[in-house]
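As they're listed, the protein sequences go chains V and X. Numbering of the first sequence is given in the working numbering, commencing with residue 1 and proceeding in unit increments. Numbering of the second sequence is given in the working numbering, commencing with residue 1 and proceeding in unit increments.
Hints were generated in silico from the structure; no laboratory data involved. No experiment lies behind these values; they were computed from the predicted model shown. Don't take each hint at face value.
If you want a taste of the chain X side facing chain V, the calculated C-beta under 7 Å gives, among others [claimed, not checked]:
1) 29
2) 30
3) 37
Derived Cβ-Cβ restraints for the label pairs, each shown as a range [claimed, not checked]:
4) X:18 with V:6: 26 to 32 Å
5) V:106 with X:38: 48 to 54 Å
6) V:75 with X:49: 54 to 60 Å
7) V:61 with X:105: 35 to 41 Å
8) V:69 with X:76: 51 to 57 Å
9) X:76 with V:287: 50 to 56 Å
10) V:215 with X:126: 55 to 61 Å
11) V:75 with X:6: 44 to 50 Å
12) V:46 with X:105: 51 to 57 Å
13) X:141 with V:46: 41 to 47 Å
14) X:24 with V:267: 46 to 52 Å
15) X:49 with V:186: 49 to 55 Å
Built from N, CA and C at the ideal position, the CB exists for glycine as well.
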Amino acid sequence: MTPVMANILNVVCILVFVVFGAAMLTWVERRILGIWQDRLGPNRVGPGGTLQIVADMIKLLMKEDWVPAFSDKFVFVIAPTIAMFVVVAAFAVIPIAPGIGVVDLNVGLLFFLAMTSLGVYAVMFGAYASDNKYALIGGIRAAAQMVSYEVFMGLSLMGVVMLAGTFDLRQVVLSQQDGWYIFPQFIGAFIFLIAGIAESHRTPFDLPEAEHELTAGFHTEYSGMKFAMFFIGEYVSVLMTSAMITVLFLGGWLGPDFAPPLFWFLLKTIILVFFMILVRGSLPRPRYDQLMSFGWKCMLPLSLVNLVVTGALVLL
Amino acid sequence: MKKKTGLGYQIYLCFDYIYSALVTLWGVFSHTFTKADTVQYPDEQPHLHPRFRGRIVLTKDPSGEERCVACNLCASACPTDCISLQKTEDESGRWLAEYFRINFSRCVYCGLCEEACPTYAIQLTPDFEMAEYERQNMVYEKEHLLIDGPGKQPGYSFYEFSGKAVSGRQKGEGINEAQPVDVKSLLP
Ligand code: SF4
Ligand code: SF4
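Here chain V stands alone, though its shape is the one from the complex:
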């Protein structure tokens, strides 16, 4: 097999796996939440409910794909595309295992941060183009939320960058051979986890969509496949955040030798995904002034302290 062929295979496999995984996640999440809430969750379609996603797909495809007459059509259509595109693009730099991974950029981490920051455009474009007051409030909240978490998200990762001395994610993983960064960078990992949940707009940081207050927030006017793209985007972003924590703090594919590297990577990622579902199932949604004060008064100072201490220790 030529290198080009291998690359293409790599790309296609990862893309299919990620999108399919995200679709499966919608079912996994409902089952897991069911367990934690003492009920069953969808268990009717197929063995144990595994074919639920097929049913959901058919339903979404059958739905009228309506573009409101009062909307800004071009922006309305482009918003879900951005939502899906940025998270899938950010997946490109994640090194999954030796030889598996789309690309090893030497600015991989920065590329990741850039792509996730672009994600807010999807929300704000969707909100603005819908010409709907609920959507607009959702969009404003998304902006408010973004300025609170985006700052400490970047800062929380700088500790890892200092320790590893590189922005290349594959090098970051390899430099963890002597010990995962979760131990020296515990606070950084914790802060990044919170930022990652905020990044994927999930409870308790789902202020932009807050069903109970804003119908569906920024995607109120969306239906059919456009809605599905927002939805899948959210789940890909859950996978991405988990994969990113695995790579940065949990030693990526590193693990005992008796199982292949891919297994360790997937295991760690899946545990983190479960943890994010647990968070969704337990924590209430704060008001958005509370969220901002939490971001600016708790998380930002904490990540700055972490940064200063790490810097001092690296220098010593």
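Once you have looked at the hints, place chain X with the ligands on chain V.
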């Protein structure tokens, strides 16, 4: 009250947020091993208690006679006016319902008819599987409502206790029944 400020309080608040979040997470996680409360209804039947208020029946007394005496108390107690009946009499002068009709598409299963009934004739039963494709089929006539047994009140027969004279038994001959007081006598 003075509003608390200052760095110390701020740091305390941070840890308080985080601590309470962790406690909640653990609380939810501990439900991993508890059993689901769901009853998967058509596959599993739910347990219904004997006093569950479902489909309404008209019962018979132990001798196999209809209990209903067509007094209309149930119909007037019914908040949705879904009971309709007409009184008639048999040869002995006993009151009976000529027709007795309950429109279950209006019934709210409140049980007030059962409470109003002086003869325990009308009773609610633990059965709710009454779905129909046509609304007209929700109207039950007397022959659909009547059952052969005494329902939740075995052994009760209204005329044994009521003190009302019917053919075959005069006043004072019922169970636990004293002879009628002669109001015109002065004897103690
Ligand atoms: S249960 Fe309530 S609503 Fe139904 S027939 Fe009796 S009194 Fe009427
Ligand atoms: S069911 Fe009871 S309350 Fe209703 S008419 Fe008959 S005896 Fe009277």
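Each hint tested on the structure:
Among the interface hints, the one on residue 29 of chain X holds; its C-beta lies about 6 Å from the nearest C-beta in chain V, closer than the 7 Å criterion. Taking 7 Å as the C-beta contact cut-off toward chain V, the hint placing residue 30 of chain X at the interface is violated, the least distance being around 9 Å. Given the 7 Å rule on beta carbons, the hint for residue 37 of chain X holds: about 5 Å separates it from the nearest Cβ of chain V. At about 45 Å, the beta-carbon gap between residue 18 of chain X and residue 6 of chain V misses the expected band of 26 to 32 Å.
Taking the beta carbon of each, residue 106 of chain V and residue 38 of chain X are about 52 Å apart, inside 48 to 54 Å as hinted. Judged by the Cβ atoms, the range 54 to 60 Å given for residue 75 of chain V and residue 49 of chain X holds: they are separated by roughly 58 Å. Separation of residue 61 of chain V from residue 105 of chain X is about 37 Å and conforms to the stated range, judged on CB atoms against 35 to 41 Å. At about 56 Å, the CB distance of residue 69 of chain V to residue 76 of chain X agrees with the hint of 51 to 57 Å.
For residue 76 of chain X and residue 287 of chain V, the Cβ-Cβ distance of about 53 Å falls inside the hinted range of 50 to 56 Å, so the restraint holds. Range check, residue 215 of chain V to residue 126 of chain X: about 40 Å between beta-carbon atoms, so the 55 to 61 Å window is missed. Against the hinted window of 44 to 50 Å, the Cβ-Cβ separation of residue 75 of chain V and residue 6 of chain X comes to about 46 Å, which satisfies the hint. Checking the proposed 51 to 57 Å range against residue 46 of chain V and residue 105 of chain X shows it is violated: the Cβ atoms sit about 36 Å from each other.
The hinted range of 41 to 47 Å is satisfied by residue 141 of chain X and residue 46 of chain V, whose Cβ atoms lie roughly 45 Å apart. Judged by the Cβ atoms, the range 46 to 52 Å given for residue 24 of chain X and residue 267 of chain V is violated: they are separated by roughly 26 Å. Evaluation of the 49 to 55 Å hint for residue 49 of chain X and residue 186 of chain V yields a pass: the beta carbon distance comes to about 53 Å.
In the structure shown, a violation is registered for the earlier hints numbered 2, 4, 10, 12 and 14, in ascending order.
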